[in-house]
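With these hints in hand, go ahead and build the complete structure from the sequences.
Here are the chains, one letter per residue:
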Amino acid sequence: EPEVTQTPSHQVTQMGQEVILRCVPISNHLYFYWYRQILGQKVEFLVSFYNNEISEKSEIFDDQFSVERPDGSNFTLKIRSTKLEDSAMYFCASSETPNQPQHFGDGTRLSIL
Amino acid sequence: TQLLEQSPQFLSIQEGENLTVYCNSSSVFSSLQWYRQEPGEGPVLLVTVVTGGEVKKLKRLTFQFGDARKDSSLHITAAQPGDTGLYLCAELREGETSGSRLTFGEGTQLTVNP
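Going down the list, the sequences are from chains R and L. Per the working numbering, the very first residue in the first sequence carries number 1; after that it's consecutive. Per the working numbering, the very first residue in the second sequence carries number 1001; after that it's consecutive.
Just to be clear, a hint being listed does not mean it is correct.
[As the list claims (entries may be wrong)] A partial selection of chain L residues facing chain R, derived with a Cβ cut-off under 10 Å:
1) G1040
2) V1044
3) S1100
4) R1101
5) G1107
[Claimed, not checked] In silico lysine to aspartate or glutamate, EDC-like type, Cα no more than 16 Å apart, as pairs:
6) R:K57 <-> R:E68
7) R:K42 <-> L:E1005
8) L:K1070 <-> L:E1054
9) R:K42 <-> L:E1106
10) R:K57 <-> L:E1094
11) R:K42 <-> L:E1041
12) L:K1070 <-> L:E1005
13) R:K83 <-> R:D63
14) R:K78 <-> R:E68
15) R:K57 <-> R:E44
16) R:K42 <-> L:E1038
Worth flagging that the hints you see were computed from the coordinates, not collected in a lab. C-beta: ideal position from N, C-alpha, C; glycine also.
Okay, structure coming up:
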């Protein structure tokens, strides 16, 4: 069964550095999403992306964050000038249409030191 | 913003027992989904319910959507250790332009002891 893949599985970065989290969505899916889950807290929506544009973003997704589809297969989340509170699991998801099920990757654990 | 409350937060039972977990909202759900998440993995969709009063079954799991579409329950019959995991409910809401977002509850952590 097709799946969403995320790399790396674990990223450790010094505070203030930039990180790029990578995702390969399911190949026939057109809608892409990023969520995060801080340890012990609930999964939170960050952003949705369609047709090379952000379609929705939450209040968490400020100027520190950006997303990009650099080629036909990858979908990335960039976090600039990381802070300690950015430490979390970051999940990528994709779906065929907005109301079809979102399929999640296994996440990238981001640890900011 | 839709607030989803799940109860109980933690549940530990013996193999073979039945259990029910709940998801409640302050307002009407447009579409409700149940997910299961295991450690180190992303959420995996179990079911979507849309219509008030709807009941869906997935093997030993029974999902019910309240008539008023403000609450849902998940009932597991004869629980097995493999059912252990974090059960999440989430509302799927389509955006004003395109795309959609899921709003998750905090989940029920279920442990089934052999």
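Cross-check of the supplied hints:
Satisfaction of the interface hint for G1040 (chain L) is found here, the shortest Cβ-Cβ separation to chain R being roughly 7 Å, below the 10 Å cut-off. Look at V1044 (chain L): its Cβ gets to within about 7 Å of chain R, closer than 10 Å, so that hint holds up. Taking 10 Å as the C-beta contact cut-off toward chain R, the hint placing S1100 (chain L) at the interface holds, the least distance being around 4 Å. With its C-beta approaching chain R no nearer than about 4 Å, R1101 (chain L) sits inside the 10 Å limit, and its interface hint holds.
Checking G1107 (chain L) against chain R: minimum C-beta separation of about 7 Å stays under 10 Å; hint holds. Distance check on the hinted pair: K57 (chain R) and E68 (chain R) sit about 14 Å apart at the alpha-carbon level, within 16 Å; holds. For the hint pairing K42 (chain R) with E1005 (chain L), the CA-to-CA distance comes to about 11 Å; that is within 16 Å, so the pair holds. A distance of roughly 12 Å separates the Cα atoms of K1070 (chain L) and E1054 (chain L); the hinted pair therefore holds under the 16 Å criterion.
The straight-line distance between the Cα atoms of K42 (chain R) and E1106 (chain L) is roughly 5 Å, inside the 16 Å bound, and the hint therefore holds. Between K57 (chain R) and E1094 (chain L), the direct Cα distance comes to roughly 12 Å. Compliance with the 16 Å bound is thereby established for this hinted pair. Restraint check for K42 (chain R) and E1041 (chain L): satisfied, since their Cα atoms lie roughly 14 Å apart, inside the 16 Å limit. Restraint check for K1070 (chain L) and E1005 (chain L): satisfied, since their Cα atoms lie roughly 11 Å apart, inside the 16 Å limit.
Taking the CA atoms of K83 (chain R) and D63 (chain R), the gap is near 13 Å; set against the 16 Å cutoff, the hint holds. Of the pairs offered as hints, the one joining K78 (chain R) and E68 (chain R) holds, with about 8 Å between alpha carbons and a cut-off of 16 Å not exceeded. A threshold of 16 Å between alpha carbons decides the hint, and for K57 (chain R) with E44 (chain R) the separation of about 11 Å falls inside it, so the pair holds. Taking the CA atoms of K42 (chain R) and E1038 (chain L), the gap is near 14 Å; set against the 16 Å cutoff, the hint holds.
Comparing the model with each numbered hint stated earlier shows that all of them hold.
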